[in-house]
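Participant: Sequence:
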Amino acid sequence: MTANDPTRRIRDAAEAIAPHLVALRRDIHAHPELAFEETRTAGIVAAELARMAIPHRTGIGRTGVLGVIEGGRPGPTLAIRADMDALPIHEETGLPYASTVAGKMHACGHDIHTATLLGVGAVLRDMAPMLAGRVLLVFQPAEEILEGAAAMIADGAAEGVDLALGFHNQPDMPVGRFGYARGACLAAADRFDLIVRGKSGHAAHPYAAVDPIVAASAFVAQAQTVVSREIKPLHPAVVTIGMFQGGTTYNIIPERVHLKGSVRTLHAEARDLAESAIRRLATGLEATMRVRCEMDYQRKVPPLLNDHRVLEPTLAAIRAQFGEDPQAGEPSMGSEDFSEFAARAPAFQLRIGSGAPGRDDRLHNAGYQPDERCIELGVQALSRAALELLS
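If you count the sequence shown from 1, position 170 lands on 372 in this note's numbering, and the numbers rise without skipping.
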């Protein structure tokens, strides 16, 4: 290792601040905040950035925070993004730092992400003279409802951004490992509300009513053919009905049924086909089952596309820092509103292993317990990536 090799410098810096980052993570974990409620978390972030003398702005996208590190030479602007919001899940881990707020929990690891990006800020602040360009530290609200990135972008968070780097902890990957997928790695997320209106009546006299439950049930069954019969088998797609609500008791045919559904696709063609088919099926119910349908179909976020211009330098940086190759993986039908940044600049989302030995955790689970060592390792990986991208 030469004197100019940053490997040891990054590793030593990350190790030195790791206990503080873990303490921050546990504090945030104990006080979870849902989408656009992240005022306490944003306050912690702002205080830490101020302590590190990193210029920053608050209130970006309502509760987001944007920090800026200027490099020693001119160059591109790299945005590194972490999300901050929790989930409406009641924690059941029994940990000493478990959520103190009933019904809210950091079950996706956004507390991990926030602490990690603060660590990256600390490392890159001290290495700023080595950077050719500038780093934007993007602390984003409301990822879980897929609205925070758009809110921050509307407030200018993506202006002048040339490259974007995201990351997510992966409990299905052992701590110490890193992963990636090429091309489309996460799906577009769309959703719909369908109100099926019939004519209420007595259960003993269905001929005198128009039953919206039967009609809505037919829609649920037909919606399963969208993927199996209308979209190419090599274009992954998922249509899921997540809510079916209607009726009050045994002997009354209700006036209406409310359905909520989610649509995930990796390809633009499949996205268009799915929307068209779902709208057509709802219209068909009106003709065949005498109901009236009200469809509210919303396109939320596009697929997340990993660009080789960010992916390859990041993989090279991890090899240089850790001496091993990240693990190639498959796309996921999950969604991430980091794709809003990726739609505006070349981007890559890194997978950071957070699986603890002896555990089989999954995201969005009431017992989720990631291995906190992923914070320090994530700081090393992302800091080295930034150095590679802004060299």
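Please keep in mind that the hints were generated in silico from the structure rather than gathered at the bench. There's no promise every hint is true.
Pair ranges (Cβ atoms, derived) [to be verified]: (1) Ala-522 / Gly-274: 18 to 26 Å; (2) Pro-276 / His-510: 22 to 30 Å; (3) Ala-558 / Arg-482: 43 to 51 Å; (4) Ser-593 / Pro-376: 40 to 48 Å; (5) Gly-385 / Pro-278: 19 to 27 Å; (6) Glu-488 / Ala-249: 14 to 22 Å; (7) Arg-384 / Thr-260: 32 to 40 Å; (8) Arg-546 / Ala-489: 41 to 49 Å; (9) Thr-241 / Ala-406: 34 to 42 Å; (10) Gly-296 / Arg-501: 36 to 44 Å; (11) Val-440 / Asp-374: 13 to 21 Å; (12) Pro-331 / Ser-478: 31 to 39 Å.
Think about it this way: if two alpha-carbon atoms lie no more than 27 Å apart in a straight line, the pair counts; the simulated DSSO-like pairs of lysine-lysine are [as the list claims (entries may be wrong)]: (13) Lys-502 / Lys-462; (14) Lys-401 / Lys-434; (15) Lys-401 / Lys-462.
Note that the structure is a prediction, hence the values are computed from the model and not measured. Note that the Cβ used here is the ideal one computed from N, Cα and C, for glycine as well.
Participant: State for each hint whether it applies.
Facilitator: Hints, one by one, checked against the model:
no.	hint	result
1	Ala-522 / Gly-274: 18 to 26 Å	20 Å, holds
2	Pro-276 / His-510: 22 to 30 Å	24 Å, holds
3	Ala-558 / Arg-482: 43 to 51 Å	47 Å, holds
4	Ser-593 / Pro-376: 40 to 48 Å	30 Å, violated
5	Gly-385 / Pro-278: 19 to 27 Å	22 Å, holds
6	Glu-488 / Ala-249: 14 to 22 Å	56 Å, violated
7	Arg-384 / Thr-260: 32 to 40 Å	36 Å, holds
8	Arg-546 / Ala-489: 41 to 49 Å	42 Å, holds
9	Thr-241 / Ala-406: 34 to 42 Å	55 Å, violated
10	Gly-296 / Arg-501: 36 to 44 Å	40 Å, holds
11	Val-440 / Asp-374: 13 to 21 Å	18 Å, holds
12	Pro-331 / Ser-478: 31 to 39 Å	54 Å, violated
13	Lys-502 / Lys-462	14 Å, holds
14	Lys-401 / Lys-434	38 Å, violated
15	Lys-401 / Lys-462	21 Å, holds
Violated hints, in rising order: 4, 6, 9, 12, 14; the structure is consistent with all others.
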